[in-house]
Every structure is written in C-alpha cells, then in structure tokens.
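Chains as they are written, first to last, in my numbering: chain A, 32 to 389; chain B, 32 to 389.
One should not assume that every hint holds.
Because identical chains share one entry, a pair is satisfied inside a single copy or across any pair of copies.
[Said to hold, decoys possible] When the alpha-carbon atoms are kept at most 27 Å apart in a straight line, the in silico BS3-like pairs for lysine-lysine are as follows:
id : residue 1 : residue 2
1  : Lys378    : Lys205
2  : Lys210    : Lys343
3  : Lys343    : Lys55
4  : Lys215    : Lys382
5  : Lys343    : Lys249
6  : Lys382    : Lys151
7  : Lys343    : Lys288
8  : Lys382    : Lys343
9  : Lys343    : Lys215
10 : Lys382    : Lys55
11 : Lys151    : Lys288
12 : Lys382    : Lys205
13 : Lys55     : Lys151
14 : Lys288    : Lys55
15 : Lys378    : Lys215
16 : Lys343    : Lys151
To be clear, the hints were calculated from the coordinates, so they are not data collected in a lab.
2 protein chains.
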Amino acid sequence: MNRHHYGLILAGGRGTRFWPRSRKRSAKQVLNVVGERSLIQATVERLAPVIPPERLWILTNHHLRDEIVRQLPEIPPSQVLAEPAQRNTAPAIGLAAHILHAADPDAVMGVFPADHVISKPSVYRAVLRAGLKGAAAGHLMVVGIQPRWPETGYGYIEFPRGTAPGGIAPLVVKRFHEKPVLAKARRYLAAGNYYWNSGMFFWRAGVLLDQLRLHLPKTATILAALPPVASTRFASQLAHSFPLCDNISIDYAVLEKASIVRGIAAGDFGWNDVGSWNAVYELLGRDSSGNVLPRDSFVLDAHNNFVDARGKAIALLGVDDLIVVDTSDALLVARRDRAQEVGDIVKALEKANRHDLL
Amino acid sequence: MNRHHYGLILAGGRGTRFWPRSRKRSAKQVLNVVGERSLIQATVERLAPVIPPERLWILTNHHLRDEIVRQLPEIPPSQVLAEPAQRNTAPAIGLAAHILHAADPDAVMGVFPADHVISKPSVYRAVLRAGLKGAAAGHLMVVGIQPRWPETGYGYIEFPRGTAPGGIAPLVVKRFHEKPVLAKARRYLAAGNYYWNSGMFFWRAGVLLDQLRLHLPKTATILAALPPVASTRFASQLAHSFPLCDNISIDYAVLEKASIVRGIAAGDFGWNDVGSWNAVYELLGRDSSGNVLPRDSFVLDAHNNFVDARGKAIALLGVDDLIVVDTSDALLVARRDRAQEVGDIVKALEKANRHDLL
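Take these sequences, add in the hints, and give me the full structure.
Here it is in structure tokens:
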C-alpha cells in the first residue's frame, strides 16, 4: 500500500428506483439489496487491500451521513462529509481534491461510486492499481469495461480501434459518448472499441485542481478559498459557498475537455451498477422456476419473479416476471421489465407531498 | 312478523379461498371483504325485517364461535352453537330443527348461508316471505335463482319447461343437478328452466324431522335422543353423539329423495356467493382503470387489479389482472383468473404444518 493513495466514495445518490426499500434516510448505497452487507460496506471492504479505510473519504448528504458513519466504524467520522447542496460530481470531487491536496501535496486519489457491485474483486484490484499508477504519472484516468450486451443505460468510452480488453496500460481516449439508443449501443458492441464508462476515476489531487482552474474556474476559486478542513470555520464556510459552485458532472466539466485523459480498457470484473430491482434479480441466485424469493415462500405455477419481503410468508399463484417489494408502510408490485420506472412512482409521491414515504 | 318464524344461519365454513385474510379464526363469513360489515353481520341485518335476531340460530365451529358472538351482540349467545365435528349440512340442519321443534311445535325455519352477498334485499325479502309461506303449507322449499351466465360453480334446480322467473308460487322441482361442465351449463342457460341452487331452504321444523326419520334414520335417532338444549347435559351429549351422525348434505340426504319439495323460481335479487377474491373484485366499484384499490394507492399503467392491504401505501407499475392481498404475516400475489386456486395454497400450508398461517 502506498501512503499517498486515497479514496473518495461518492455516496450522495438517492437510488429512488429501489423504492419502497430506499428512502431519503436509507438510500440504495446503505441497503443490503445484494448480500448481507450494504453496497457501501462492500465498496469499502473491496478497496481495503489497496486503500485502507483510514484514507477513505466519503461525500454524501445530510439525510444519509449518520447511517453511513454507523455502518462504517472503521472510517474516521470526520472523513464522512455531507454536501450542503447537490451540485453533481465536479464540485464534490473538487472539494475532496482540495482537502487531500492541502494535507498531502502528493495525494493520488481514486473516485468510486458507493453503490456498485463487483463480483470479481481480485481482477478489479488489478485495475485499481493500474489506475493509481497512471494517475501518479500525471494522467486523468478513467476505467472502461468491456460491454457484455448493448446496454442503453450507461455512457461509453471510445478507445482507438483494435483495443483489446484486459490490458492495464493507459490508453488514449478518443471520445466519451452519452447513453445511446439501442441501435447505436448495438453498433458500439459490434465495433469492439467502445467500453462502458464505469464512473471510476484516478488522478493526482493537484492535477485535478489544476484542471478545475482551467475548465471550471468559478468552482475552483470557491474551493481554493475554503479554510482548512480541521478549522472551526470550515463547516459554516462550506455551507455558505458550496451551493455557489457550478452544478455539473466531472465528465462534462473536465474529462471531455482535458488532453491528459487516459483510460484502462478493462476486461470483465463482474461489474454491475445495480440500477434497478431487476438488476438485483439478475445478480441473485434463482430457484429452478427462476424465482428469487424469501425463504418462507409458497409457489404455485409462478416463474421468474423477484420478491423482497421481511418477516412474512409469501404466496405466489400463477404469476410471472413480477417485482414485489414489501415494507412496513408500502408495497410495490411491478412488472420486472419496467423496474426502471420505479423512480416515476417516487416522483408521483413527491408530487403528492407524501414525505412519509420518501 | 310471525313469531313462529325462525332462521338458521350456517356458518361453519372456512372459506380458504380468502387466504391470507381468512384463517381458522377469521373465516370468510366474519370478514368484511365486501363493505364495512362482515358477511354474517350483513346476513343478519338483511333477515331482520322478516326474522328478528332473537329468533336466529347460528351453527358454526369452535374456532369461530367467539368471534361470531362478538360480532352479533343482538343474537343471544346461547343460540350460537359450535358443532362438535363437521358433518355437512344434514346433521346441522337436523339439530336446529330438533331444538326449534322442541321449543315451538309450530316452528317454521329458514336456512341461510352466512357468507353470501345480496345486493337487492327488498326483492330478496319477497322471496323470503314466499319461502316461509310455502314452508308453512308443509313443503320443503328451495330457492332457485335465474342464471345470468353459464356458471359451472353452482348446482342447478330444474323446474318445469316454460317456468318464468320472478314468481313466488311454489313450483314442482323436476330434478336437482350438480355443478355442470361448461357445455352443460350453457345448455341450462339456454333452456331457461334451470335455476341456480341458492342454498336457501324453508320448512316446518317438524316436517324436516319427519323427512329425516324417513331418509336418514340413524341421524334422526341420534338427534331425537338429545336432552333439552337448556339442560346441563346437552353440550356433553352433543359432543359425544353428533360425530356419529351421517356426514352428508341435506340435498343428498333429503331434497333429492323427498316428494314434498317445491321451489321458488326467483328473479335477480343480486345474489353472489362470493366464492373467491375475484368475486369480491367483481362486486366492488372499480376505478377508471378497472382497479379495486385501497385509498392510499399510486398506479402507473396498471389495470384490472384487486388489492386488499391495510395501513400501507400501494404502488402498482405496469401490472394487470392481479390479486394482491397483504396481511401482517402473509402476502398473496395471484393471477386474478386463478383466484379459485388460492385454496390450493392453503392445502400446501397445511401439508407444511404451517399452523401459524392457517
């Protein structure tokens, strides 16, 4: 392990597509939708052999901070920060870079989503080390994952033609592409040099701050003016000035513009962004009828269903391809192929001012 | 009202097709599956203008007796009897006839299922009065209902050709027919003189006892030997001898054999035997998408569903034609056109010794 290697876990999302299990105070990243630990606990554990918890920082929101501190006793609570406002990834990453660079001018940081699943962690850690190495050399490192199907829910990284997966050398990135329509996603898959954008990044904190000054000067100036993180004025100053930052992703603000971007064309490390209940269904082990059910279930001619319910018996009769999620105050029944639209239910709840269910 | 008119409500059924709402101690007849009162409360209220509660007797089982007494404070608790064993309708009706005849040799009794819905009670009460009148004249009176569709779940009463519905004069019954297959049910419907057997009967208690002696002598002898209902020995003697009675329905035991049977060819009094959750769905008012839902529901492109859940919000997404019934310890999700098979789930629970769910 290198003492200049730090990790930033971005944990500010809501994951509304996991309603009714996900709520403002129990968003996707703190839920154990897959396995016995929460997604953020699994993220920290996966990183630990390369970046130990004492060098991890977490950015989240004030609804989730206490729960994250509770779930991760190995991370110093002072390193779990609640953003005063949602300003997308550029200001959040800039803030972490500012803090790390002030404490350690040689800081190299990895940026990790809190809520992804990686089923081959040892393959993954080779990519991690390669990313940190490229970052140390002065690049803005991104990680592409060889696509396994024409996914329309992810952005794509275009590498040079003929790029083979599994290499760990930094490659030139030709272009970033937004989420494609299906026909385009199929062409990407066939072409072979388009990779899923994993949302993981590596860079020197100082290099990222330089790039922010170049491409996002207002935000860079606001962050540079912050007092030291340990000072008593830090929290109040952050609350005042963070909302004034540009509301923009690091991809748009920096990566699509910078010339020092390089990428790793990773092979399959079992990555899944767990985008919906259907992704959970796909990840978990199914029974012989294709169902993913709690232990206490009675099934009559029902297939390919996913049920998440605690402390009660389940009976399914003649139904196929459903998502059923039961909590103490809400019950969702959805078609599995429409699991992406669960977020629209949450929008309807917001519109109806049902704060009790959000 | 005639002081010799009595009612017997048969309330010993389990109604397993209403699981998970129905349990041994909360069977269909004591549930408020349709409207705000339970089915047995509605039955008593419907009878009251013709047969007051103080002249109603109820036969049920020991699981349900306390709940029925609680729900019907207007009926003397001594008139709510738990059968020591399930012996179908002939011994149960014979027992009531024995008790009533001992107290009032002029007793005329109506027999009523506890768990049916009747949406036109004033039309119904005209039939009721006609039944009691025919009974007083010495007939065994049955009630046929003009069929509205080729139902395969009911037995049929065959009247003479050309019988028109809505008359209240006692008609000769040509034959009783068991639940038909669909093709036969269609022929019955087309013929016009086949009526649904409502399961309601009227007769003098003394006449019924005579018929039992003729057609079911063992049971008649057992019942005749019982001590008076008010005596201290009644309960223990009943517990001893009732299980020895023939296990047979009144239809098979008496009605199909007796020559003094007459029937009323009733018109439509909104009768429904509420045979499954789907029948409840059909009975209740649907919204513009064909759904029957609790008030606190959020729907996105979902149609023709029935949901019974208390104290929680419901969200449906893209699903059609489902039955969803949620209780504190069990959740059922079924295809609506397979609601009849809910009883098979209960059989599976019995096989698995899940007494906690029965």
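Going through the hints against the structure:
{"no.": "1", "hint": "Lys378 <-> Lys205", "in the structure": "neither (37 Å within a copy, 63 Å between copies)"}
{"no.": "2", "hint": "Lys210 <-> Lys343", "in the structure": "neither (40 Å within a copy, 36 Å between copies)"}
{"no.": "3", "hint": "Lys343 <-> Lys55", "in the structure": "both (25 Å within a copy, 18 Å between copies)"}
{"no.": "4", "hint": "Lys215 <-> Lys382", "in the structure": "neither (34 Å within a copy, 54 Å between copies)"}
{"no.": "5", "hint": "Lys343 <-> Lys249", "in the structure": "neither (54 Å within a copy, 47 Å between copies)"}
{"no.": "6", "hint": "Lys382 <-> Lys151", "in the structure": "neither (41 Å within a copy, 42 Å between copies)"}
{"no.": "7", "hint": "Lys343 <-> Lys288", "in the structure": "neither (53 Å within a copy, 49 Å between copies)"}
{"no.": "8", "hint": "Lys382 <-> Lys343", "in the structure": "between (31 Å within a copy, 18 Å between copies)"}
{"no.": "9", "hint": "Lys343 <-> Lys215", "in the structure": "neither (45 Å within a copy, 43 Å between copies)"}
{"no.": "10", "hint": "Lys382 <-> Lys55", "in the structure": "within (15 Å within a copy, 42 Å between copies)"}
{"no.": "11", "hint": "Lys151 <-> Lys288", "in the structure": "neither (32 Å within a copy, 76 Å between copies)"}
{"no.": "12", "hint": "Lys382 <-> Lys205", "in the structure": "neither (42 Å within a copy, 64 Å between copies)"}
{"no.": "13", "hint": "Lys55 <-> Lys151", "in the structure": "neither (30 Å within a copy, 50 Å between copies)"}
{"no.": "14", "hint": "Lys288 <-> Lys55", "in the structure": "neither (34 Å within a copy, 70 Å between copies)"}
{"no.": "15", "hint": "Lys378 <-> Lys215", "in the structure": "neither (29 Å within a copy, 52 Å between copies)"}
{"no.": "16", "hint": "Lys343 <-> Lys151", "in the structure": "neither (33 Å within a copy, 39 Å between copies)"}
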